[in-house]
Amino acid sequence: MTKKDSWLVWLFLAPAIILVGVLMYYPMVGTVIESFHSTSFINPNPQFVGLEVYQRIFSQPEFAQIVVNSLVWTVGVVVLQNLLGFFSALLLNQHLPGQGLMRALVLLPWVLPGVVAAILWRFMYDPQLGLINSFLIGLGLSDTGFAWLADPNMAMASAIIAAVWKGFPFSTVVYLAALQNVDEEQIEASIIDGAGPLRRLVDIIIPAIKEVMLINFVLTTILTFNYFDMIWVLTRGGPQNATHIFPTKIYDLGFGQFRFGDAAVYGVFSILVLVLLIALYFTVQGSSRQRRAAP
Amino acid sequence: MRQRPRRSRIALTILQIALAIVVLLPFFWMVSVSLKPPTEPFAIPARLWPENPTLENYVSAFRPEFRTYFLNSVIVSLSTVVITVSLALLAAYVFTRAQMRIVGIIMTLVILAQMFPASAIIIPIYRMMRAADLLNTYASLILAYVTVTLPVAIWMLRGFFARLPVTLEEAAAIDGAGPLRAFVEIILPLCRPGIVATAVFVLIVTWQEFLFALSFTSTREMRTLPVGVNDFIGQYGIRYGELMASSVLISLPVIVVFLFLQRQFVAGLTAGAVKG
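Note that the protein sequences, when read in sequence, are chains X and Y. Residues in the first sequence are numbered from 1 upward in steps of one, following this note's numbering. Residues in the second sequence are numbered from 1 upward in steps of one, following this note's numbering.
Because the hints were derived from the structure by calculation, they are not lab data. It is possible that part of the hints are untrue.
Stated by the list, open to error - Derived SDA-like pairs (lysine to any residue); straight-line CA-CA distance at most 25 Å:
| no. | chain 1 | residue 1 | chain 2 | residue 2 |
| --- | --- | --- | --- | --- |
| 1 | X | Lys210 | Y | Thr270 |
| 2 | X | Lys210 | Y | Val82 |
| 3 | X | Lys210 | Y | Ala267 |
| 4 | X | Lys210 | Y | Leu112 |
| 5 | X | Lys210 | Y | Gln114 |
| 6 | X | Lys210 | X | Val75 |
| 7 | X | Lys210 | X | Val79 |
This one's a predicted model, so the numbers in the text were calculated from it and none came from an experiment.
Only chain Y is shown next, with the shape it has when bound in the complex (with noise of 0.2 Å):
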């Protein structure tokens, strides 16, 4: 390895530290927040860590309607992991292995269509819903979170399958499995890592999602969690502490998610990218 001067090591442990401080203190703050008492006053300059750090703030923001929105965003968005990545399983196999025209084509089209703004295709949408009587229903926004995923994990899972030698299909075929099974019992377990890394990127975009949420949920019964707590900027007023336990409960999921996977959820994110 190349051995820098001590002087630009110092200078670039600095700037590693600025970034760290920027990336982490709104981070910092928010738990900060959500630990201190309703009784301990904001004081000029902000004292960054409570006197008496308390739970008080938790117990408060776990209240029915929390609870509600929870159940709701789990159960939205595992049904649209497990369905996005089997679907976008086999089109990406697909698309990785069959060698006709149209299906780069298809490809093309489908791949593209990641690019397309939810603000732009949501009136449709709704009216859609609407006919069918599937507004305010799990069924609207796991049909919308599964189609608005689709084209990204099919993109990731390609770069996947890319690796993978077609002679390992020609062996399975010399043994005598049909296509299907091949793709079962040989393909699929190769591709562990890349399921991974996609299902961990689609849970992270669906956990969040926010416009679909919004417009087609109309009452509390249904909301998720980004919507939920946005009502509650209103409904808390001030009450910074309890929002901020809010915010904390709401990211935990992904962020546990996320630093147990993250090495899998990198690499796959630019596996992708690597065979654009």
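Here chain X stands alone, though its shape is the one from the complex (with noise of 0.2 Å):
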């Protein structure tokens, strides 16, 4: 393309620009105004009140509750995820019989839609008909099984490990796929030097794909901190707000309460941490180019 196709350009960016400029870019300023406002049920016009509203949040116990909640959920499912999704790629990497159809199996969870997963795991975790209890009585490992999801104590572990189930194999595959350029002569000569598959993993593949890895964990804690379906399904953010993380805090106050803008605070906290995740994948990704860019 040249100089003077520039028209061209502009005709071929100009939706991709108006949709996001206008649905995505505007309304994360439309947030942060809304948080200014204060709205109700029985007062639906925004009225402009400064920070009272964050005062208030603020002053709740429930504020701390959610975040200390988002980031047990977040640690939990990235780590667990992407440990899962590690060492499923290095077996699914290593020549075995089955190994095809194993590649394309292990994606299943992830194509499965979200609210299935969590119904589903509802279902597992049922306390009289679950699979999960039923297995736990059956060994004999368990007398009457668990109240997975209705115990406060369970709930949030028990979540995560369904999100860890739907998640990992989007992990699986990006690892997968960084691995396929880890060089195969590298590992042979680590093996006539007598290297175990311990060493080889720690001095020849992990520092191959740290860039990757890297760039998945920022990626993976971007998307399940603002993973809705699952917890929404699975619990609504309880029992006794033991669940509740962001996204269902803020479709509970918007749209179960109508109170815009108290929902708008948490959705200003959001973009915040969405703002310090990006700004660490930008210099996760600047430090590995300039590393490369040196001899």
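Since each chain sits alone in its own frame, please combine them into the complex, following the hints.
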């Protein structure tokens, strides 16, 4: 494309710029503006109240709980999902029989619609009819089973397990692709030098795909922090707020109680977290570019 | 190929079987319960396969409102796939070919938007849809879905365009073809694998979208499948057989599309990443 084709450039770009600008960038600003306004079911018209909504939200103990919940949820899902994704990618890269089929099947939980996955896990966790309690009781490991989602101490862990099952295949595929680029000769050489599997992992494989790992960590963190479907269908944030995270709280405040201003304060917080993570992403990408450029 | 000691091969094979069980057991159970006759009780320990499998649950799951939800999902998803892929092709092509600095900045901003949290921006979007009188219409969902899938679609397609040498267009220009003709007749046909991969990705994302559909639709006539089946939970009580049959019916279209096109899909997904 040359300079004189610039009309074509703008014609091709216009739909994307308009849609992303109006329906993604502008709403970011809109959420910040909304957070300075107060609305309720009785008073649906937004009224400017300055920082009043922020003050109210920060003074509620609920806010701290949701921050802690979100942290536990995000760290739990991201760490487990990446570990499981990484080790299953190593496993599926070993030239074992049936590997081609497994590489296709492993992605199925990720393809399964989120709401369906959540319903399925809700059923598996059912205290009376669920598969998990049934196994535990059948094997004699427990007399009556557990209330996986109804017990405030277990609900978050249960939700994390379900989300990891749904999400790890994506990490597996990303790591599998990265492993294809690891230098086979280098591995052969290290075997001749007598390096065991653990040494090869630490000395060759991990350094070779470190960049992909870091980027995948940041991306899965952003996606997990904002993942609504799983928790909403499993617990709706309950029991007793034990699993409420930012996206479920925003939906509950905004569309459940019509308190758009309150929801927007939580929204502004999600945006701040996103900005921090994106800054981290660019730092990671930038530093690895620099290292590659250096001799 | 390297040869491993027998013992470690056996251990690895066992691990692979364990992985397969973890991945597939919930699917297996979903299908098994969907085939269980409503009269067959849940036993402890659970029976993994029903004694007298039947399609009864599917017949009752496929009721009129389910058909409405299904049709809505098909309309919204297919429209989104067509529009997103078309717009993404245009934008991704320009992003890989234009030399202008400003275009590079716009590209970063557009691709960055794929990380934006829907929950943090949904209230202003809801207000705009309400102002435009679009709430509870296909248009509101399609507009939202096209917008949120566009950045990823552009990012995936860019990986494919970047592999095509600029000499293709240069040769076309020598033959007297304008840039628009070169794009339509030479570049697009070469991108078919990328188009397929991107379309599958957009379909998977749109088919399961829940938050926008939950917030923007208010009547049963406009619900899509994820919202509809979530409503079923309360209505069905503990009639899990029907609920699982509905779940199978919802998942089948995307799983079939995925299994047919999975090779191209995975290649496409990782092409974007490699070109990062």
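Going down the list of hints, with the structure as the test:
1. X/Lys210 - Y/Thr270: 16 Å, holds
2. X/Lys210 - Y/Val82: 36 Å, violated
3. X/Lys210 - Y/Ala267: 21 Å, holds
4. X/Lys210 - Y/Leu112: Holds, at roughly 22 Å.
5. X/Lys210 - Y/Gln114: 23 Å, holds
6. X/Lys210 - X/Val75: The given pair, whose Cα atoms are some 19 Å apart, holds under the 25 Å limit.
7. X/Lys210 - X/Val79: Cα-Cα ~15 Å, so holds.
Figure legend: structure checked against the earlier numbered hints; the only hint not met is number 2.
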